[in-house]
Amino acid sequence: MNVVDTLLIALQAIGRNKLRSFLTALGIIIGVASVVAMVQLGQSATLAVTDQIASIGSNLLFVSPGTNRRGPGGVSTAAEPFEMDDVQAIREEIDGVRVAPAAIRSATAVYGNANQTVSVTGTTNEYFTVRNHDVVEGRRFEESELTSGAAVCIVGATLVDELYLGQDPLGTLLRVNRTACRVVGVLETKGSSMGQDPDKTLLMPIKAAQRRLVGSLDVHTIFISAIADGATERVKADVESLLRQRRHVAPDDEDDFNVFDTQDVVEALEQTTGTLTVFLGAIAAVSLLVGGIGIMNIMLVSVTERTREIGIRLAIGARMGDILRQFLVEAVVLSTIGGVIGLVLGTGGTWAATAQLDMPLVLSPGIMLLGFSFSVFIGIAFGLIPARKAAGLNPIDALRAE
Amino acid sequence: MPGATSSAPVALAAPQDPRDAPVVLQLRDVYKIYGSGSTEVRALDGVTLDITASEFVAVMGPSGSGKSTCMNILGCLDVPSAGTYRFRGIDVGKLDRDELALLRRHFMGFVFQSFNLLPRVDALRNVELPLVYQGVPRAERRDRALDALGAVGLSNRARATSGQLSGGQQQRVAIARALVTEPPLLLADEPTGNLDTTTSRDLMELFVSIRRERRLTIAMVTHEPDIAAYADRVLYFVDGRVVKDGPPQQVLA
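So the sequences go chain by chain: A and B.
Numbers in this note's numbering are just positions in the first sequence, counted from 1, shifted up by 289.
Numbers in this note's numbering are just positions in the second sequence, counted from 1, shifted up by 30.
In case anyone wonders, no lab produced these hints; they're calculated from the structure.
Errors might be hidden in some of the hints.
Here's a subset of chain A near chain B, in silico, CB distances under 8 Å, partners left out [said to hold, decoys possible]:
id, residue
1, M290
2, E598
3, A607
Here are the simulated lysine to any residue pairs, SDA-like style, with alpha carbons at most 25 Å apart [to be verified]:
id, chain 1, residue 1, chain 2, residue 2
4, A, K489, A, S505
5, A, K678, B, R150
6, A, K307, B, L125
7, A, K307, B, S192
8, B, K124, A, G610
9, A, K307, B, V109
10, A, K678, B, Q164
11, B, K124, A, L613
12, A, K496, A, G610
13, A, K678, B, V109
14, A, K678, B, R127
15, A, K489, A, R536
16, A, K307, B, R189
17, A, K307, B, Q194
18, A, K496, A, F351
19, B, K124, A, I685
20, A, K496, A, R536
21, A, K489, A, A446
22, A, K307, B, R150
23, A, K307, B, Q164
24, A, K678, B, P149
25, A, K479, A, G610
26, A, K307, A, T625
27, B, K124, B, D59
28, A, K678, B, L125
29, B, K124, A, M609
Here a beta-carbon is modelled for each residue, glycine too, at the ideal position from N, C-alpha and C.
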């Protein structure tokens, strides 16, 4: 009996009872579809997040003040902000870095009848390189504006849309709280990331922001980028020790500032999504197992129902192996069909979900192959017991069965 | 598929034409015992008989007399508990399940009381089935199955499933299936048991003519004397033993 005949017999048996075959394969269909969809969605989500982080700038460190944990009650207080001297120290004492200070304050920007709450960042021209976010129209700040703290500003794309309704903002006067600022540039569009809209930013020379909006010489955040790839770790360590020294943190105390590395975020996210993927995959694998048990159950019923048929085949000259193969192939074909349907549904589901959530579509041939081979394996594993039962039947008893 | 070769065991292929062998079936002191101790049942209790080539033997007897057990052993569906059964010189008792299956595949055809066609499968496919196990290629299989259906007068019903055929037609399909491999031995277990008198008579005429054409050996269980009368020889079983053995007119008298 050749492979084609065995396959044809299996397909006939499956086609004879289509609804039952479909229901039997449903467990596998759902199992494979969920495995494939979960894993591919997990990968899509990871990619979406890493893409966003890359757009912020990958070799980037955010340094911000933390908390002091001192005193008997363990009361935490906000730590001191930084000063321009700290920025200067980092710039001079650490090799291979670009440093941009930021004095940040939210403010209301008004132009004509339109107003918007904006995040005003007072900074220097290094901001554009460090944050990988440059001017597309107009210009950067001029040196004189930076040293004098002139009331000039560079606006994000969203602000242009919402305040200027498409008009050219360059050269206009924009009122930011009580200060009238001359708009000298427009930032390139970045697209939203992690809940913040970088296109809603308004940049000013740091001295202007400190004097006119913040009312102090505080620096709230220091952006640092390592010039060389892969130097982030070293730079981070250097910045930490330098700041501990400058801020007089005792050797046993924790840092009273945070150095936040975008690479850390990427790693943390990848770890989280990785763990999630493993968990979801495990759940899906359990559903595959349940699907396999379903197949075994129906195949056992089928062997009982078809005892007479088995008897006829044995009388005609089928050997045990022929019967074993017939039922095994039937189980494998059933689970494989289920697997293929599951693959199609799972991938379709991934496509639909990523399209809906505006994520990149990641198709993983590895997980598809895994899902497919798993369904074949399930067919073999769970088809074996019914097939052995069928093959072990005594021809005389089988022929007598009703 | 490995191990599924259609070739017969070498020993079976020795005699060139099975019809040349004078004695096809040889039972020597055969016992078939079920259970043990007080529940022991001797379905066959020392049966010795020879059936020669192209003989048409009817096996009769009351129910429980051992005639079906005898048929199962002759058909290699079962093996004796004691004694020897030689099929064309081969000691069947020494064969394992798969070797018995190969004997059935290549040398025997079966016809049953309840027809035993595969349900929801058309006549042609049913008749092709033994050839599938023999590994005959598709096209040849089809031609031979159509020929076999022609030989039983059912060429025009090749695509009918068993539900669409009358009892007599189903039994003819079963005969076509039994004979499509051109076996030397046909075993029929009450082939007319589910058929009316006219159909039964037609079927027996078919047996007689096929046997004449093919010089086939037939062993047939029946409890109808009218049917047994078509055979050359009648074996009458009582309590697991052959108590009468001779031509129908003598045994049935």
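Structure-based check of all given hints:
| no. | hint | verdict |
| --- | --- | --- |
| 1 | M290 | 5 Å, holds |
| 2 | E598 | 6 Å, holds |
| 3 | A607 | 6 Å, holds |
| 4 | A:K489 / A:S505 | 24 Å, holds |
| 5 | A:K678 / B:R150 | 23 Å, holds |
| 6 | A:K307 / B:L125 | 40 Å, violated |
| 7 | A:K307 / B:S192 | 21 Å, holds |
| 8 | B:K124 / A:G610 | 20 Å, holds |
| 9 | A:K307 / B:V109 | 40 Å, violated |
| 10 | A:K678 / B:Q164 | 23 Å, holds |
| 11 | B:K124 / A:L613 | 23 Å, holds |
| 12 | A:K496 / A:G610 | 88 Å, violated |
| 13 | A:K678 / B:V109 | 21 Å, holds |
| 14 | A:K678 / B:R127 | 15 Å, holds |
| 15 | A:K489 / A:R536 | 33 Å, violated |
| 16 | A:K307 / B:R189 | 22 Å, holds |
| 17 | A:K307 / B:Q194 | 22 Å, holds |
| 18 | A:K496 / A:F351 | 20 Å, holds |
| 19 | B:K124 / A:I685 | 19 Å, holds |
| 20 | A:K496 / A:R536 | 23 Å, holds |
| 21 | A:K489 / A:A446 | 7 Å, holds |
| 22 | A:K307 / B:R150 | 14 Å, holds |
| 23 | A:K307 / B:Q164 | 30 Å, violated |
| 24 | A:K678 / B:P149 | 21 Å, holds |
| 25 | A:K479 / A:G610 | 66 Å, violated |
| 26 | A:K307 / A:T625 | 15 Å, holds |
| 27 | B:K124 / B:D59 | 16 Å, holds |
| 28 | A:K678 / B:L125 | 22 Å, holds |
| 29 | B:K124 / A:M609 | 18 Å, holds |
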